[in-house]
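We have chain A; now place chain B with the ligand onto it with these hints.
Residue numbers (the working numbering), protein chains in the order written: chain A, 1 to 250; chain B, 1 to 314.
To be clear, the hints were calculated from the coordinates, so they are not data collected in a lab.
Straight-line C-alpha distance at most 20 Å; calculated EDC-like pairs for lysine to aspartate or glutamate: (1) 229(A) with 241(A); (2) 146(A) with 187(B); (3) 246(A) with 309(B); (4) 244(A) with 294(B); (5) 310(B) with 241(A); (6) 229(A) with 291(B); (7) 310(B) with 245(A); (8) 229(A) with 286(B); (9) 55(A) with 45(A); (10) 246(A) with 291(B).
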Amino acid sequence: MEKIMVCLKRVVDYNVRIRVKPDQSGVVTEGVKMSINPFDEIALEEALRLREQGKATEVLVVTIGSADCQQQLRTGLAMGADRAVLIESDHDVEPLAAARILLKMIEKENPDLALLGKQAIDDDCNQTAQMLAALWDRPQATFASKLEVNDGSLRVTREVDAGLEVIDVDLPAVVSSDLRLNEPRYVKLPDIMKAKKKSIETIAIDSFGVDTTPAFAVTEYAAPPVRGKGIMVDDVAGLVDALKEKGFSL
Amino acid sequence: MKSVLIVAEHDGSALNPSTAKTVRCAQALAADSIDVAVFGSGIDAVAAQAARLNGVNRVLSVDRAENAHPLAAVIAPQVAALAPDYRYVFGPSTTFGKDVMPRVAALLGVGQISDIMEVLSADTFQRPIYAGNAIVTVRAPADGPIVATVRVASFRAVAEDGSASVETATTDATLPTHTRFVELQSDTGDRPDLQVANVVVSGGRGVGSKEKFDLLYALADRIGAGVGASRAAVDAGYVPNDMQVGQTGKIISPNLYLAFGISGAIQHLTGIKDAGTIVAVNKDPDAPIFEIADIGLVGDLFAVIPELEKQFGG
Ligand SMILES: Cc1cc2nc3c(=O)[nH]c(=O)nc-3n(C[C@H](O)[C@H](O)[C@H](O)COP(=O)(O)OP(=O)(O)OC[C@H]3O[C@@H](n4cnc5c(N)ncnc54)[C@H](O)[C@@H]3O)c2cc1C
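Pulled out of the complex, with its shape left as it was, chain A reads as follows:
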């Protein structure tokens, strides 16, 4: 393989406690820590390992979002990506529009592999990789936990409800990463300094000629019903009694 294109999304860090705004217009994102979506970070780590093993020559990271996303692209460069592209947009882009834009990038860059996270932990859609593969008319290997490069194809182990499914996909292909694909490296300070010198290419989203107006209307954000705290029991006998009271006779 030569080029791998990794798609990153900037999201609220997974450790942040999410709160819905009192006026139900969204969730609070002001002043909270933002990070690379954890699944995308794993996708990037996999691409870097493939390059380090000599199985790919170049790793390109791409993101769609506001100018603030430069921060996440910098992290990607510090991890070891060769190049970074920001497709700048001042509004949120739905998965289908993101896939259409990413397809334009693929046409421009001709990667052998597009690696994405299986879902973004903000909207939890789990769609972009599959949509990109459909539009590109190429194979998809979603929820990957293991990846082996063969001549012109990949053997991918996928985490599915029934266990682990192994499939072969011809290159070029789209792969989406699950959590157990790898453990991303920690970025070291010297790498961060070095990454500051690398340049980030910025492309205006409108220049692709793709309509990115949202198709769905989100009319309300609500906090989920809370499960209240129940009772504490002192011992196993207390536990069994409490279960009986709730109608469980086990």
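Chain B with the ligand alone, transformed into the frame defined by chain A:
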């Protein structure tokens, strides 16, 4: 015309319970009809089972050798070819549906609504975001098919007391050969499926090893329960990945969930929000799982489980 097409999930011999739950969701659409498409090879029994699902009008059996394994790249173009007759194209939000449906949506040139948890009207739905920490109300565009996956933990299965017709269907979709099935590694024994089990016994990092998980299996077998796990337990190699419960694992809704040595990270709790009663046993009195447990016991799981086993099952 406002009809629904549901993409069935099955293992070649029987329907996955997620299909009957997806049908329940579809019933809330008040559509004119509900069809179920079964893609597979040698699937007469599965199609017959789908025909018994209450509320289904017609089963389309797409039986061909290429459909022997559920490859999204192969199934999606066939679903897309059937789709023009329908206003809704739904699948379960299982790894099968999550893989296939977005590919279908993109082929049809429309977006997808993931994880419908409630149908508010013919075009308005609720779905969870941020690992279930917020619920959004989403309205689909007025035209074009509505492609969606259904959060199966939010819907009860419909009964198998119907009698729909079964029709053989074919499509002229060209099927790719660029994606090939190699094997499925599955060691789910005869314990109840997590997604349908009434009772689930679940273990976390606190269990400590693969061998010690036997304690949980023994307890589960005593009471006919399914066995689940946290991500930490899967990552540590105590149990296989298909046992993971949570945001990236299975979303389940048993009547009773018994958690041993699980701290209660939000990503785990996402998977058990719909459980009837949650019991937590943890040696740390400050473990966050106690914030949402209906019954909590601070204690050492290695002392508690053997005692429980004695008390359960007589
Ligand atoms: C993007 C993302 C997705 C994730 N998805 C999931 C997911 O789907 N599912 C999931 O579970 N996690 C998921 N996680 C991980 C999650 O954040 C937690 O790390 C994980 O759930 C912790 O598992 P645990 O509770 O078993 O381990 P720990 O947090 O280490 O807790 C172990 C608990 O065991 C208790 N304990 C230890 N010994 C004993 C004993 N002898 N008796 C009683 N109690 C004992 C300890 O007090 C502690 O509370 C995800 C994380 C990320 C970032």
